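Place chains B, C and D on chain A using the hints.
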Amino acid sequence: MVVETTHPLDVYLRETGMHHIWCTGCGNGILLNSFVTALKELEINLDKIVVVSGIGCIGRIAGYINTDSFHTTHGRPIPFAVGVKLANPELKVVVISGDGDLFAIGGNHFIHAARRNMDIQVICVNNFNYGMTGGQQGPTTPLNISTTTTPYGNIEHPFNLVHLAAGSGAVYVARWTTLHVRRLTESIKKALQKEGFSFIEVISQCPEIYGKSTKMGLPVDFMNWFKRASEIQHFSDPAKAEITSDRIPLGEFVDIEKPTYETLLRERIIQVQNKMQGGA
Amino acid sequence: MKTVTETKKLWRKPLDADKIKQPQAEIYIITDRCKGCGYCIAYCPKEVLEESEEINARGAHPPKVKDINKCAICGYCTAICPDLAIFVKEKTNEQKEAEKNERKE
Amino acid sequence: MSENKKEETKSPEKEEIRIGVYVCHCGLNIAGSVDCEDVAKFASTLPHVVISNDNRYTCSDQGQDLIKKDIKKHKLNRVVVASCSPRLHEPTFRRACEEAGLNKYLFEMANIREHCSWVHLYEKEKATEKAKDLVRAAVAKVALLDPAVESEVPITRKALVIGGGVAGIQAALDLADTGYGVYLVEREPSIGGRMAQIDKTFPTMDCSICILAPKMSDVGRHPNIELLTNSEVQDVKGYIGNFKVKVLKKPRFVTKDCSACGDCVKVCPIIVPNEFDVGLATRHGIYTPFAQAVPSTYIVDQNLCLNKEGIIKCDKCIKACERKAINFDMKPEQLELEVGTIVVATGADVYDPTSLQNYGYRKFSNVITSLEFERLINAGGPSAGHLLRPSDMTIPESVAFIQCVGSRSDRGHLYCSNVCCMNTIKDALLIKEHWPETKIYVFYVDIRAFGKGFEDLYKRARKEGVIFIRGLPAEISEDRKAHNLWLMGENTLQKELYKVNVGIVILSVGIEPRRDSDIIQRLLVLSRTSDGFFMEAHPKLRPVDTPTGGVFLAGCAEAPKDIKDSVTQASAAAARAGILMAKGKVTVEAITPRALDEKCKACGLCTKVCPYNAIVLNKDLKRIEIIEAACAGCGTCGAECPFSALYMRHFTDDQIMAQVDALTEQNADKKIIAFCCNWCAYAGADFAGVSRMQYPTNVRIIRTMCSGRVAPKFVERAFARGAAAVLVAGCHIGDCHYINANVQTQKRVERLWKKMEKLGLNKERLQLLWASAAEGERVASKVKEMQATVNSVTREEIEKSKKMAEKA
Amino acid sequence: MSEKNRALSGKHFYSGDLACAEGALAAGCRFFAGYPITPATEIAERMARRLPQIGATYIQMEDEIASIAAVIGASYAGLKAMTATSGPGFSLMQENIGLAVMTETPCVIVDVMRGGPSTGQPTMAGQQDVMQAKWGSHGDYEIIALAPSSVQEAFDLTVEAFNYAETYRVPVMVMMDAIVGHMWEKVLIPPLEQINIKNRKKPTVPPSEYMPFKPDKDLVPPMAVFGEGYRFHATGLTHEEDGRPRTESIKVQQKLVQRLCDKIRKNSDKIVKVKPIMMEDAEVAVIAYGIESRAALSAVRKARNAGIKAGLLKLVTLWPFSEKQVAEIAKEVKAIIVPEMNYGQLVREVERAAKATPVTFLPKLGEEPHRPEEIFEAIKGGI
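These protein sequence lines are chains A, B, C and D, in that order. For the first sequence, position 183 (counting from the first letter as 1) is numbered 183 according to the working numbering, and the numbering increases by one without interruption. For the second sequence, position 58 (counting from the first letter as 1) is numbered 58 according to the working numbering, and the numbering increases by one without interruption. For the third sequence, position 10 (counting from the first letter as 1) is numbered 10 according to the working numbering, and the numbering increases by one without interruption. For the fourth sequence, position 119 (counting from the first letter as 1) is numbered 119 according to the working numbering, and the numbering increases by one without interruption.
Fair warning: there could be bad hints in the mix.
As the list claims (entries may be wrong) - Taking CB as the label site, the calculated pair distances span:
hint	chain 1	residue 1	chain 2	residue 2	range
1	C	Asp257	B	Asn93	34 to 42 Å
2	B	Asn93	C	Val445	52 to 60 Å
3	A	Lys275	C	Ser296	56 to 64 Å
4	C	Gly549	A	Phe235	39 to 47 Å
5	C	Lys540	A	Phe235	52 to 60 Å
6	B	Asn101	C	Ala379	41 to 49 Å
Don't read these hints as lab results, they were simulated from the structure. The structure displayed is predicted, hence computed values, not measured ones. Heads up, the beta-carbon is just placed ideally off N, CA and C, and yes, glycines get one too.
In isolation and in its complexed conformation, chain A is listed as follows (with noise of 0.2 Å):
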C-alpha cells in the first residue's frame, strides 16, 4: 500500500473537484467518477465538450470538471445547453443535474428538449429528494416517505424517470444505480457517442439526508438496498420500471435512432440557401 497525493483522474478535475463539497458516501461522487472515467476511456478532447449544470448538491460537478462548464440557475441547464450546441454543434453538450432540478422545476424543459431530439446529453442523479435543502419532498420520492416537508408522508405518485424520458422521445434510456459503476460508465460512454436526446438515471445514494427519511443511516446501507432489489432487465417496457423498496429496474430502456434537431434544422437551413441562390 502507497500512500499518494494525486489520483490518475486528477486531470480531468478542476481543484475544486478533488475535495468537492458533497457528504460522506455521496452517490455524486461516484458519478463524477464515473463521468471522468467515461470521458478517460473514450479520450474525448476536453475542448470540445461543455458540461452544463442546475442548482442543488450535484449542480457543483460542472465546477469540478476540467471542461468548459456552466452552472446555470435553478431548473433551466437543459435550454442553456441547447443554447449552446445549437450555436456550435461541434461541441459535446452534457447536462448533469438532479431529479429536482431536472423534472420538478425544470421538467418542461426536458420533455421539450427530449420531443426535439435535441443532441445533448442529460445525466440525472436521482437520490429522492432535495438535498441541499435539508431533505425536501421532490418529484421522486416515493409515497408515504417522510420528509421535512412530508411530515406526514409523501402522498404524491413519483415520478418513472425512464419511462418519462422514453414517452417524450430520448433516443437513448439508460438506468443504473451507483453500485453497478462500471455499466454507468458504459452508459455514459454510449451516451457520449450517441446522437439525439440521450437520458441516463443514476440511482443515487444521500445518506446524510435521504438516509433519515428512510432509516438508512450508513452509506452502506444504501448500496445494499441497491444489490438487493435491483433487476437488470435490458430493453423491458419502461412503463413497468417503477421504482419501489424492493425492486429497482435497471438496464437500458431505449435505444434508437432518429434524427436530431440539429441535423433538421442544418437540411432546411441548405434546401433554404439553395432555394434563395437558385432564386437570385
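Same frame as chain A, now just chains B, C and D:
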C-alpha cells in the same frame, strides 16, 4: 456449473502453476481525500481492504490493505470511490525490484 | 376412444366363457421342479376351462400355433399360459391370440418359472402345488377379463439426447441423419466427454481427439441438431411419444460473436486447476475447456468470476474483447422441449482411489491415476506428451500399472470395469513407443482381452517386454529421497513374494456410475442395477430399451464399456428411437380406468391422488373426467375410490378379488399373499428367479401395475379369506414409475396397520416392502423373514382377522 | 452570400418589429430564441424567416425562461444572440437576466411594451416596463436599455444594443413601445461596411493563464468562448475571477457586485445617449422617450410658434439614466415636463436629477400616446 466441486476434487499442484505469474497489485490511497464511506471495503470482491485505526484530516478512518496478495486488480475500489481517494495498479518491475532489495536488507 | 367404448359394450357376458390353459415346461426350466402334466390336468378341472395341455416350449412356433388352432377349433374366448414372467412373453402370446382373432386383452399368464420353478428348485411337490394355485388364479382372472382396443397416441418426431460424450454424439448424429430433430443436452461447456480427455484408443492406437473432433464439429453444424451445452434437464413430464422436457440453459456470459481468440483469458485474474486436465494444468475464470471444444465459444465460470448479481466489479475481459462478445446480462433460460423419444447417454465417473490407502494415492505424488496418465502422455496435454513424475518433473525409468483399482473388489466396486485391462496395455505400449528403455510392470488379477484385436495388442505388449505379474501389490511405500515407490505383494503364479521399485505408479482406476445418477433416474423413472448403472428393459432382448417407453440407453450410463461398444449401443439406441418415431404413433395399453358415473359421488378423492392430474372433477355434471392420454394406468385412483366408481381396466376390483380368492382357496392360513408392482417388486421377484434365489414356497404373488393399485379391501379380503400374512411391495419411494403413486401405498398400509392394531391383530402379518427390480435378494429374504410370522399365527388370530373384512 | 444577405442595404418600408429584426441581423445576430407573444411576435416571425437564409439559427423554445437561457448559452458558445418578448415574457425572463448579468453574458432582449400589469392589454401600447428593465431581477446590478422612437431607430438602436452588449458583456434591452413596434415607416439600411459593429474582447493570454472574470482597466473581462480550449467555468454563484464559486466570502461578493455595477456606471459617459432639440435657449424642457418623444416634439414646435421657449430632451438610452444631462438642463430651465405612457416611472429619475426645478408629470394609460395639445397645454402651464 459443477466446477467448484470439481475444483475441490482436483488436488495436484498444476504443472504450470509456477510458470503463470499472477500480476501483483499495488494499492494507492490518498488518505486525506477519504471520507470513510467504506464502499471500497464492503464491496471489494476479494476482501483486500479493511478500515484503519488512523484518523485523517476529515476525521475519517481511511481504508488500509489487509492482504494485498488477494487483490485481483479488478479496480472496483477505484471505480466506486466517491472521493477519488483510492486506486489500484499492477506493480511495476521497479517496485518489485525495490521490494526484493528491502527483503535482502 | 369412442371405438373402445363400442368394443367394451359388446363385451361377451352373454356368450359362454371358454378358456384354454397351456402349461409350459420351458425345457426343464419349469418341468425340472414342477409337474407340468399334473398342473395341466388340474387346470382342466377349473371352471370354464374347455381345453388344457402342457408342452415343452409354448413360446415356440409350434406352441403358438397350437394355441391359435385351439382358439379356432374350440372357439376359445380366453387363454391362459402358465410359463415364464409376463414381463418377458406376454407380448408374444398376446400377438398369437390376436392372430387367431382373439382380443389380446383376453389373455392372462401364470408366472410359474421366475416365481415358482426357479425359486423352489428342490421342492417339486410344493412347487407344483404353488403352480396350480397360480394357474387357478390366472383362470379366475381371465374369466373376468374384458376385450379392449388400445388407443393410439401420436409421437412427436423429435428426440432428446442427454449427454454429449461419444455415445450421445453418435446417437444424436444417427437420429439427425435419419432426419429427426435432435436436442443434445450437455451439462458441461463442451461436448466430447471422457473420450476427449483420452490420448489414444485401443486396440487401434489412433488419436482419440483426432477421430472425435470431426464428429463433434458435425454435431455443432448439423441442421437437425440443436446443441444445448452448459444445460441440464430439470424436469420430464408426459409419456412415450409425448415428453415435455424442461431444460435449464445456464448462461455462458459469452455470446456467439466470440471468435475464440483468447484475449479475454490473458487478462482474467482468476486462475484455477483445469478439470479437463484433471488439475494438471490451470485455466482462467473465463476459458474454453480444451482446444477442440464444441461450441468453441468461451465461457465465464460463474462461481469464480468476480462479477455477481449483475454487478460488474472486474471488467478486464469485457474491455479485452474486441468483438464485444462478453455479456454479463445473459440470464438462465428455461427451455420447454417437446420430444417423442429420449436417449440417456449420461456417461460415468472415474473411481477415486484415495480411499485405498495402501496405494498411497494423494499421499505419494508419483502415484497417479490412469486418467491423469492420459493427460500427461497427450501431446496437447499439460506436459506436452512427456510422462513427467509430479515429484521432480523427470521421465521415470520404470513404471508400474496396477489393475482393478476400484473394480472387482469389495474395496470399491464388485463389477469389472471392462476397459482398464486394454487401456493399460495400450498405455504400456505408448510408453514403450516414446521411451523404449522404460521398464514396465503390470500387476493384474486377470487380463481380460476379450474383444476384437484385443488379444493381439496384449501379445504385442508382452513381446515388447512389458512385464505382467499376477497379483496386486498389498502395499506401496515411497522412499523419501528419490520419491521412488516400492510395491510389495505376492506373485500368485510363481507363488512368491515380490518387492519392485519403480519411478511412477499408475493406478488403473475403474468406471463408476455418475454420482448424481439418481436425478436422471427419478426424472425418467428408470431402474438401476445393484452396481448403480441404469437397467435395461431386458438384459438380452431389449438391451438399450428402458422400462419407461420411449427412453433408451447408450454408453457407460448403462454399464462400463469402451468407445466401440458405446458407439455401437448409441447407434442401436438411435435406431430403436427411430423406429418409434418412424411409426409416428404409439398404442397406449388399455389399462386406463373408466369412470362409472352411476357410482361416482364426485368426491374428488381420485383427482387428489392421481400423479398425472389425469382426472378432473366436473363439478357441474357431478362426475369425473379421465384424460386418457395423460393417464399412465397405475390405478392408484381405483384404490382410493370409496365407491368402486373407477373401473380399472385389466386390473378391476373383481379380477383382483378373484385372484385373491383363488389363491386362498386351500390352506390359506399357511400362505402369504403378495401384491407386487410390475416395475420393481414383481421384476425383483423375477430377478430372484433369474438368479435362482431359493425362498419358501408359500408366497403367492399378484401383479398390479403399481403398488398404488392395492386397495385396502384387497388386503382385507386376503385376511378375510384366512391368509396368514400379506405383503405389499413396490418401488422405493422416489423411484415410483408413476411419479409418486407409491406414497399412497404407504399411507394405505399405515392406515391398515392402525386398523389391525385397533382390532387387536398382530400387524406383523401385513408387511410393506420397497424393492427395486434389481433387488431380488430383498424380495427373497422378506419372504423368508415372514415365515416366522406365518408360523406364529394362531387359529384364533386367523378367525379374528376374517371378521376384519366384514367390518370393512 | 449569407453575409451579403445579412444587411438588406437600401430603402425599405418596415414596421418597427421588422426593422428591429433587421437591425439585429445587420449587427451580426446569429441566434434567436423566443416564444410567441403579442406585440413582439413579428420579430420572431421575421427571424424565423431570415436567420436560415444567412445560415443561422432560430428556435422557438417552450417558454420565455427557456428562450433567455438558450440565448445565454448561445452567447457563451460565441454567437451574438437575442430574444424578443413583451411584458409577461419579460417578467419570466428576469431571473435569467440576473444570470446574464452575473455571468456577464453579452445578449439583447427586446421588450415590445404593451399595457400591464399581468396580461393587461396585449394589443395596446405602453411604456410600463421601463423600471422593470432596470430593477426586474433581484440583487444589485446595472444593465443598458435603449428606447427607439421610430422605425429607423428600431433598426439603429438594435445595432447599438448589440454593440453595447458586446462591449460591456451585459444584457442590453431594447424597450420599444408597441406603437413603434407596429408602426410602418421608411427605413434606410446602410451598406454593411458602413454599419458600425463591435465585437466582444477576446482573451490575449494563453488558456493556462486565462481568468474568465478578471477585468481589464475598463472593468470588462475579455471573453473566451466554449470550445476554444480555455476550459473555464461560469456560475450564477458569487465567484472569484477564475470562476470558482465563493459563497461565503464577503470580500469576493463586494468586489464582484461593485465591478458588475461600476463597469456600466463608470462608463456611462460613453454609453448614455440623449438628443437635445431646441434646447439652446429653452425655458421649458420636455423630457420624453419612445413614441412620446414624437408627440413632445410637435408640442415643442407648437410652443415655439406661440413664442414660448420650449425644448425637448429626447432620451435614447433609458439605462444607465442620463442623470448628468438632465441635471444640466434643470439648471437652465424653469420647468420640466415629463410625458410617459405609464403612471409615473422614469419621471422619478428625472425628479431625482432635476433637484429644485419643478417637474410636471403627464401620465397616460391605454393605447394612445399624448396628443401634442396636451403637452402644449402643460408647456404653457410651465411658465
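Here's how the hints hold up against the structure:
no.: 1; hint: C:Asp257 x B:Asn93: 34 to 42 Å; result: 36 Å, holds
no.: 2; hint: B:Asn93 x C:Val445: 52 to 60 Å; result: 58 Å, holds
no.: 3; hint: A:Lys275 x C:Ser296: 56 to 64 Å; result: 59 Å, holds
no.: 4; hint: C:Gly549 x A:Phe235: 39 to 47 Å; result: 44 Å, holds
no.: 5; hint: C:Lys540 x A:Phe235: 52 to 60 Å; result: 58 Å, holds
no.: 6; hint: B:Asn101 x C:Ala379: 41 to 49 Å; result: 43 Å, holds
In summary, the structure agrees with every hint in the numbered list given earlier.
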